[in-house]
Each structure stands twice: as structure tokens, then as C-alpha cells.
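Those protein sequence lines, which keep their order, are chains F and Y.
Residue 520, in this note's numbering, is where the first sequence stops; the numbers in between run on with no holes.
Residue 652, in this note's numbering, is where the second sequence stops; the numbers in between run on with no holes.
Derived from the structure by calculation, the hints contain no laboratory data.
Quantities reported herein were computed from a predicted structural model and do not represent experimental measurements.
Some hints could be false.
Straight line, CA to CA, 25 Å or less: simulated DMTMM-like cross-link-like pairs of lysine to aspartate or glutamate [to be verified]: (1) F:466 / Y:513; (2) F:408 / Y:641; (3) F:466 / Y:641; (4) F:509 / F:394.
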Amino acid sequence: MSGKVRILTSLVVIAIVVAALGVWIIRGPGPLDFAGGTKVALADYRAGKPTGVPAKLEKASLVERGEYLAKAADCMVCHTSPGGKEYSGGLGFKLPFGTLYSTNITPDKDTGIGNYSDQDFLNAVQRGTRHDGARLYPAMPYTSYTYMTDDDVLAVKAYLFSLPAVRAKAPDNTLSFPFNQRWAMIFWSAVFNPDTRFTPDTSKSLEWNRGAYLAEALAHCGECHTPRNLGFALDNRKKFGGAITAGWRAFNISSDKATGLGNWRDEDLISYLSLGHAPGHGSASGPMGEAVDHSFSQFAPEDIRAVVTYLRSVPPVASPDLPATTAPVAPASHKDGVTANARGKQVFASACASCHGWSGESPVSPMATLTGTWAVNDPAATNVAQIVLSGTKRHTPDGALSMPAFGDAYSDDEIAAVANYVTARFGTKGSKLTAKDVAELREQTAE
Amino acid sequence: MLMATTLTINGETKSFDAPPEMPLLWVLRDILGMTGTKFGCGIAQCGACTVHVDGKAVRSCVLPVSAVANRAITTIEAVGNTPSGAKVQKAWLDLEVIQCGYCQSGQIMAAAALLATTSHPDDSDIDAAMAGNICRCGTYVRIREAIKQAANGRQS
Chain F
74 MSGKVRILTS LVVIAIVVAA LGVWIIRGPG PLDFAGGTKV ALADYRAGKP TGVPAKLEKA
134 SLVERGEYLA KAADCMVCHT SPGGKEYSGG LGFKLPFGTL YSTNITPDKD TGIGNYSDQD
194 FLNAVQRGTR HDGARLYPAM PYTSYTYMTD DDVLAVKAYL FSLPAVRAKA PDNTLSFPFN
254 QRWAMIFWSA VFNPDTRFTP DTSKSLEWNR GAYLAEALAH CGECHTPRNL GFALDNRKKF
314 GGAITAGWRA FNISSDKATG LGNWRDEDLI SYLSLGHAPG HGSASGPMGE AVDHSFSQFA
374 PEDIRAVVTY LRSVPPVASP DLPATTAPVA PASHKDGVTA NARGKQVFAS ACASCHGWSG
434 ESPVSPMATL TGTWAVNDPA ATNVAQIVLS GTKRHTPDGA LSMPAFGDAY SDDEIAAVAN
494 YVTARFGTKG SKLTAKDVAE LREQTAE
Chain Y
497 MLMATTLTIN GETKSFDAPP EMPLLWVLRD ILGMTGTKFG CGIAQCGACT VHVDGKAVRS
557 CVLPVSAVAN RAITTIEAVG NTPSGAKVQK AWLDLEVIQC GYCQSGQIMA AAALLATTSH
617 PDDSDIDAAM AGNICRCGTY VRIREAIKQA ANGRQS
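The following block holds chain F by itself, in its conformation from the complex:
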């Protein structure tokens, strides 16, 4: 071998090693690596069954089991457009580089998944590959669903195929170059999709393993609550540390005492997940409100407890921009407390005070109490501005409770002013939103 060839070969080897190291560093740990115990194949796990449906549905039909799992995986919320038929797709995800539309997953043969074989469906859900071989974008959380067992994925398919076929073609994506190059997702997938099924951890309880399966494979909590890395994949070094998704802030759900769930009591977590509200912690709205309405509220009680057990074990990650403790109740009189920001106060008096009160403790319903919520204690005021823009409608065992959307009634300037007033009055530190920030939030909301 000549000297030149040798140098060239070494350079190529160095380049490959550097690239591999780079990929390895960016990719980071998997979602369950923090647990560190011994993993065994599901078939070799003897303590019980962490996958599938809860005991009460063990003998139910395949379709019924699939329905439970489809709800646990929250398929419907993303695969339904506002006012559209359930599962018929067309919801637009507004990304910085264009809009991506969800697909029709009803069994319609032309516009849905009616022609999918079992293997096609497994390929889509676990590997992000479409029936025609094209790649799915990771807005479809297949890097989470990949942990589902084949049996569970096919039960979901059986449920979807039991639904009425809806003829509905989603609008074409409007992604710009290079993001419109689907084939490039081959590389993304190769790096970021582990394409592996759930493996129980023998050092943990059956309940923990069930919770891990539900939270990671089905409910895909991390897709909103874990920050993303350079490759737009989940950065599990900051697992569950919170992130902005679709214009809403998904708060820290790690076990951090100050800014995560470390100080929540079990009953608070159970109540929040199953009812969308926990006293002193506020109510789920936006995407989490939908997750509660269509997914967590349908969980069997033992599955909710399993998720709670699992969440408790996730290592603490701090959110340095959040205060260590949330602000106490504000003064009952409008005259005390925040005095600056006359415009924000005026909007609050006109539109907010009759339901939320001047103290932040709602005269109407505990669900409308602002005191203690992360939304008003977030100095970025993201969710305060979002809920003012888009409102919320929550379903509870006692019926629905809603907040009107004020996005069409008030200007960006007024919404920024009231969000700044609300965070200053009811939170620890007032936000500094501008009309431009509010306009940007309007742009990011999925619709």
C-alpha cells in the first residue's frame, strides 16, 4: 500500500469514527435507560404481564382490546381535524418549515388504511414506513410506538378496521426543501428509531413495568414533555424536563421537587390524569386537556396508578426558568397587588375577573382557579396567552366546563397585556410578552 492510500484510508476511518461518535452523542440514551436494571425479553418475564389490556378486559374481544389500546395511545386526537370525522385525519401541524397534515386511518381503501396488511400496519406504527414504502415523518410518534408489542399494535388495527370507512383525503403537506424530502427520513429513522419492542426490567415491580409500557410505548408522554436534540429527536438526557409543543408548554414531569412532579401527592397525580384537574395545581388544557379527555380518563384505575409509579421514578431534571415555589393567593381587592399595566388590568376586569376573581381563586369552580398553576408562574406566559387565544373545553364527571376563546375578540397587544398582568398578579414574576410573541403563538397552534 502506498503512503497516499494509507493516509486516505486513515482519513476515511477517522471521518467515520467522528461521524459515528457525533451520532452517538446526539442520539443520547433511550427513554428507559435511566432505570438501569436488567432487561429481559417479554417472553422471559415471569412476574406478570406489563403489556396488553388491564385485567377486566383480558377476556374481551380483539376489537374491544384494540379500542382500549388505541385510546391509551391517543391516536384519535392527532388523526382528527376540528369538526372532522374521528380518525379521518387532516389535522394540520404547523412547523417552522411548513404544515404537516395527519392522515386518514379509517379503513377506507382509497384515502385511508383499508389496504393495509398486518405487516403494513406494523411497519407504519413501529418503523415509520408507509404501505407504499415511503417514510413517515416523526410527527407520527413511531419512535415511541415502536415499543408496543405486535399483538397490541394489531389489536389497534382490528379496532380501526371495525370503524366506518370515511372517505377523506388529507391536504398535501406544505413543507419546504429540504424537509419535503421524505426519503431523507431513512437516515433519521436509522439513527433515532430503536425499532425494538418493550423489554421489562426485572429489578423493578410489575406495576412500574406496566407504567413504563403505558407511558413510553402508548401514551408517548416524552413526545411533548421531553426536550428535543439537534436532530429533532427526544433528548433523554433531560427526560420529561418539559418542552414547547404546538405552541403550548408541556411542563416538567420529572421527579424534580421544585419544578417537576416531586412535590405532587399521588392523589394529585391520579386526579390530574384521570379528571384533568388537581386542587392547587390547576387544570389540563390545550394538548394535555385533549390527552386527558380522550386517553387518560379512559384508563383503568390500576393503569393510572402504574403510570404514577413510573413517573415517580424518572430522575429529577430542573427547569431553571421556573420559580422554586408557586405564588400564593393574590389580594382580594383589585387595588392591592400589581398596579402597573393599566391596559392588562382593564382587559382582566372586562373579560377574566368574573370567572377567575381578583385573588386568582375562582368564585365559579376550582377548575378555574389560577393560584398555584404553572401556567401563571411561567415567566414566559406561553400557556396563559394560548388559553386566552384558544380557550378550553374540559369534560368532567360533573359535565363540561369551558373557557371561551378570546383570540378573535382581543388584539395581540391586548392579549400580551393581559397575559403580563395575569402572570404578575398571580405568579411569581410577570411576563414581558409583546404583540409579536402573541402573533407567533397564534401561528404555532395545530388546527
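Please arrange chain Y on chain F, whose structure you already have, making use of the hints.
Just chain Y now, kept in the frame of chain F:
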């Protein structure tokens, strides 16, 4: 789904069947025939539907009936039986506040709730309490005067 519901309205117990998410305003107007409380915008932005729940002014158009069981509801039909309501109604008549009248039951309810907690409100108190009650006839100046008169007990 209809549910048997019991509410305490103006001190009386009322029983009826209604879906739990039905707004209190609909119960008042359509089921109980108490039409003094008005439907304005239906989205808590105009104040025409204001009633008292445990003495506080709230918008009945967005308040599900399930949220107010076991709480004391007062409407325009009986607010005159409360000390502050009686004072407000008298001042309203004395100063002839009302023009078309559509918003006025809401205005009176909001003013009565204000005076019940703040016996001598200044302009900023009136702004804070009344800003959510809109009047398209523009009676705001007389409303402010009438609230002050009700507070001070002046006769015209």
C-alpha cells in the same frame, strides 16, 4: 343525558331535569321561566347574564348547572330583597339609568355585588367591577352616578 338537579335560587329550592353541562342561564330562562336574566353574547364577554353565586357576580351563560349545586343563586328577580340590591334599584330608578334596558339586569347584579363587598366604591372600584358589563346604549355615565348615589344614600 338528563340528570335530576336541585338548585337554591332566590332562597327557594327548585328541582328539574337538565343535562349537567347545561349553562345555568338556560336553566333559568328555558326550564324555570325566569327570563329577567338576559342572554347576550353567550361567551361571557358582555355581562348581560350576570347572576350572583354565593354573593359574587358571575356569568351564567358559561356556568354549567352542575357547578352550582348546593350554592346560593340570586337573580334579578330577587336581588331587590338584598340591602345592596334594593339600594341599587332605587338609584337606578331615581337617575333613570336605563335606556333600552337589555343589559341592565346584568348591570344591576354586578353593581349590587360590588356594593355588598365595597360599601363606598371609588371610580377604580367601579371600573374593576363593572368593566365586563357592556351597554350598547352607552349608559355608563349614569351607571357610575347611580352606583355612587346608592352607596351614599343621597336622594335626587
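Outcome of the hint check:
A C-alpha spacing of about 23 Å is found between residue 466 of chain F and residue 513 of chain Y, which places the hinted pair at or below 25 Å, so the restraint holds. For the suggested pair residue 408 of chain F and residue 641 of chain Y, the alpha carbons sit about 21 Å apart, so the restraint of at most 25 Å is met. As the CA atoms of residue 466 of chain F and residue 641 of chain Y are separated by approximately 39 Å, the hinted pair breaks the 25 Å bound. At most 25 Å may separate the alpha-carbon atoms for a hinted pair to count; residue 509 of chain F and residue 394 of chain F meet this at roughly 21 Å.
Taken one by one, the earlier hints fail for this structure only at number 3.
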